[in-house]
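Use the sequences and the hints to build the structure in full.
Chains as they are written, first to last, in my numbering: chain W, 1 to 251; chain R, 1 to 287; chain P, 1 to 278.
These are computed hints drawn from the structure, not numbers from a lab.
Glycine included, each C-beta is placed from N, C-alpha and C at the ideal position.
One should not assume that every hint holds.
Think about it this way: if two alpha-carbon atoms lie no more than 25 Å apart in a straight line, the pair counts; the simulated SDA-like pairs of lysine to any residue are [to be verified]: (1) Lys2(R) / Leu96(P); (2) Lys2(R) / Gln176(P); (3) Lys38(R) / Gly60(R); (4) Lys2(R) / Arg79(W); (5) Lys2(R) / Ala229(W); (6) Lys2(R) / Pro184(P); (7) Lys55(R) / Val80(R); (8) Lys2(R) / Arg140(W); (9) Lys2(R) / Ala177(W).
Sample of chain P residues at the chain R side, in silico, Cβ under 7 Å [claimed, not checked]: (10) Ile14; (11) Thr21; (12) Ala23; (13) Leu40; (14) Ser83; (15) Tyr86; (16) Thr104; (17) Leu107; (18) Gly109; (19) Ala230; (20) Tyr234; (21) Asn261.
This is what each chain is made of:
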Amino acid sequence: MDIKIEFDHYTLAYGRDVVLNDITLPVARNAVLAVFGPAGSGKSGFLRSINRMAELESNERHQGDIRMDGVSIFAPAVRLPELRRRAAMVFAQPVALPMSIYDNVSYGLRLAGQRDRRTLDAAVERALRASTLWDEVKDRLDSPGLNLSGGQQQRLSIARALALEPEVLLLDAPTAALDPISTAKIEDMLIDLKANYTIVIVPHSIQQAARVGDAAAFFLNGMCVEYGAGNQLFVSPRDKRTEDYVTGRFG
Amino acid sequence: MKERSISFILLITAFGALVALGLITYFIFQAGVPLIAKVGLWQFLAGSTWNPTAKPPAFGILPMIVGSLWLTFGSLVIGVPLGLAVAIFMVELAPAWLAVVMRPAIQLLAGIPSVIYGFIGLTLLAPVIRATLGGPGLSVLTGAIILGFMILPTIIAISEDAIRAVPIAVREGAVALGSSHWQVITGVLLPTARSGIIAGIILGMGRALGETMAVIMMIGNSLAIPVSPLQPATTLTSNIGLEMAYASGQHREALFATGVVLFVFIMILNALATTFVRRPGTSRRSA
Amino acid sequence: MTTARTQRFAFGCIWLAAVFTLAVLALVVGLIMVRGLPSLSIGFLTGTPENLGRDGGIFPTIVGTIVLGLVSLLIATPLGIGSAIYLTEYTHESLLTRAIRFGTESLAGVPSIIFGLFGFIFFVTYLQMGWSILAGGLTLALMVLPTIIRTTEEAIRTVPQSYRNVSYSLGATRWQMVTTAVLPSALPGIITGIILAFGRAVSETAAVIFTAGTALNLPKSVFSPVRTMAVHFYILAVEGISLEKAYATGAVLIVTVLIINVIASSLITRLVRKQVRR
Ligand SMILES: Nc1ncnc2c1ncn2[C@@H]1O[C@H](COP(=O)(O)OP(=O)(O)O)[C@@H](O)[C@H]1O
Ligand SMILES: [Mg+2]
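The structure is reproduced here in structure tokens:
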């Protein structure tokens, strides 16, 4: 397996709350890893560790290591803004910043200091095409992002992340707040995207995990109970707890 | 590196208010305390004669302390019931359209310059008081009534916040027990909001105690200790405001000494108010 | 049915109190306007005062008011916004923030006459600025600082946390996050605070009269003394110079305060809409 990200005995705590407990896990390059489990099991903590957003909590502590392309993301030479541009994140709630569609999509690039209008134009178009939003908004790029529907805003959020040409996409329940049609659009998009990106997604259902994941990890109480490639976790789980959860007997 | 210097600059600006408070405290005390030390604290506070230009001069500020107390408590008699009633009205009774009108109106009440209020007291209320109740008109009563209105916005804003902050569940619990609306207000809302309301009253008190120019215009500025609300008086603030214009030497020092006393009173009130507001610094509207 | 009767009586009283309060406000505003408007004219606004203000206009006091207000905002706005940003975005609650908050709260409660005394002894005398726009502006700046800090803090706190998360997740530094995600959304609230602070500066008398002076000339520099409208109004009324001119000046003051209040309360909606359109 070609490994993009590697968790190595990684433990994360907010104050006294242990969010992730001794996680050791590979994330394969140009594939989709689905991280699922009950609420509070540490899925968001897992994602937010990869781009070091977890450190925004004042009482965050961690042990162990996470490596991207073999290099520790905690190495002193790592610049946080750059790490977050390499591993861009999309949240469960669609967020259109109060600015135009164009400014939303080009936001990350402008933060990085990109001022060249043609470069920005090209990046905006490419990102919007990739997130399948281009045809819907190409005539009104100057209108406010807040005017878009929820599903469109979420694809806008994805476009905003894609515009950075990241290596990794971190998607924290990106379809949790969406209707089935928007959800299907985004799932289709993921299949196309994984040719170029490493994707870690928290699916909003077990079905979605099975549909989009090239590999899956089941989290419970901050621990990775089981990790498996393909549909293994859903077809033939090895751990009793995984089996209970995927068959809906979890309680 | 840029981030670090920005963070440092912001830290410096954050100290602005604290530094200002420190400077104010230091310079007021430095200018006023020597005279208090010379006269003696007790003589200064309890002396009933203020004659700073006589030989020998007399520096007793009891008349001003008494005047300030009269005026402050008088204004509370007007301002507290009215302010509480308006706050209850705005949260509980006002139809939506009227609530929409009330809010900017109260804000305007707070925005009108105090000299305008003083002027209304001087030209409108004082003659009425003189004609109906007797006395010179320019009096504690005139000042207290107008000041009562001047502190309304403070009392209303903070009480309103406090009443609004009562959790819906608390209110619904009382309604479920079959209480009438008025019983909910008196039995649940006001007691639950009590500390906020008290904080509002204390801050209103601070405003009344600190008001200067309007008081000068309304109170008659007599150095005799008032024994009736219809008599003129002078206050800590009005005396400073009036005499600073021409005072020099020891006289000026005595005015700063009066400022020290006022400052200490106000700080005590502020400290009291903060202890009554559970979360200082949040959601208190600036009046 | 005594509870029903009690309630009806109590609610009657409360309605009365509310109507009474509005009536008093209307009376104050109405009286000054009715008595002041007749003597208002362009000449009054643009003319220079003569005979201590008994005749002529109030032009220098209008200039004095605006200049003093602007100077105070020029000083207080960066300080206040910086302070609010630090408290909300750069630090967690600690002993330090509690001390800073205590300073802000206390400063807000300091009466204006104390500011006047302080400004006189510190800026006018100790720093030898004399009665001047600079001394008055600095004094006023300290006075309105808490207003700006508080309104900015409140405006910043209403910005959705998700904006900050999005900004950080796309590689923003803290300062970039503040300037691109927080401040634009908080702007209407911040501007409202600045306008309210200007209103306080316009209304102020006690802190101004001992620091900026009472000179009736047009100022030549920031070291010139000025007289503001509020101070002029006070002097006209208290020294019995001219009741007619006092009413007219009062009317201008009230109109100014009205305009400031209307702008402050309408600005929020207007700016929010504009922000969406951009
Ligand atoms: N800011 C925080 N402070 C303290 N505990 C937190 C914080 N955020 C999340 N947690 C705790 O961390 C655990 C895992 O949270 P999270 O990663 O968000 O779970 P999931 O995304 O799987 O629902 C939960 O028990 C939650 O209570
Ligand atoms: Mg989560």
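- Item | Evaluation of the interface hint that places serine 83(P) against chain R, nearest CB under 7 Å | Because about 4 Å separates serine 83(P) from the closest Cβ in chain R, which is inside the 7 Å limit, the hint holds.
- Task: Would you check whether asparagine 261(P) satisfies its interface hint, that is, whether its CB is within less than 7 Å of any CB in chain R?
- Result: Holds, about 5 Å.
- Within a Cα-Cα threshold of 25 Å, do lysine 38(R) and glycine 60(R) meet the stated pairing? holds, 12 Å
- Task: Report holds or violated for the interface hint on tyrosine 86(P), using the least CB-CB distance to chain R and a cut-off of 7 Å.
- Result: Hint on tyrosine 86(P): holds, closest Cβ of chain R at ~4 Å, below 7 Å.
- Query: Once the shortest beta carbon distance from threonine 21(P) to chain R is found, is it less than 7 Å?
  - Reply: holds, 5 Å
- Query: Has the given pair, lysine 2(R) with proline 184(P), been kept, meaning a C-alpha gap of at most 25 Å?
  - Reply: holds, 21 Å
- Task: Could you check if tyrosine 234(P) really has its C-beta closer than 7 Å to a C-beta on chain R?
- Result: holds, 5 Å
- Are lysine 2(R) and glutamine 176(P) close enough, with their CA atoms no more than 25 Å apart? Roughly 11 Å between the alpha carbons, so the hint for lysine 2(R) and glutamine 176(P) holds.
- Query: Quick one, are lysine 2(R) and alanine 229(W) close enough, alpha carbons at most 25 Å?
  - Reply: Measuring from Cα to Cα gives roughly 45 Å; hence the hint is violated.
- Query: Between lysine 2(R) and arginine 140(W), is the straight-line Cα distance small enough, at 25 Å or below?
  - Reply: With a Cα-Cα distance of about 36 Å, the restraint between lysine 2(R) and arginine 140(W) is violated, given a limit of 25 Å.
- Message: For a C-alpha distance cap of 25 Å, please report whether lysine 55(R) and valine 80(R) respect it.
- Response: violated, 44 Å
- Message: Restraint: glycine 109(P) near chain R, CB-CB cut 7 Å. Satisfied or not?
- Response: This hint holds: glycine 109(P) lies near chain R, its Cβ roughly 4 Å from the closest one there, short of 7 Å.
Of the numbered hints given earlier, the model fails hints 5, 7, 8, 9, 12, 13; all others are met.
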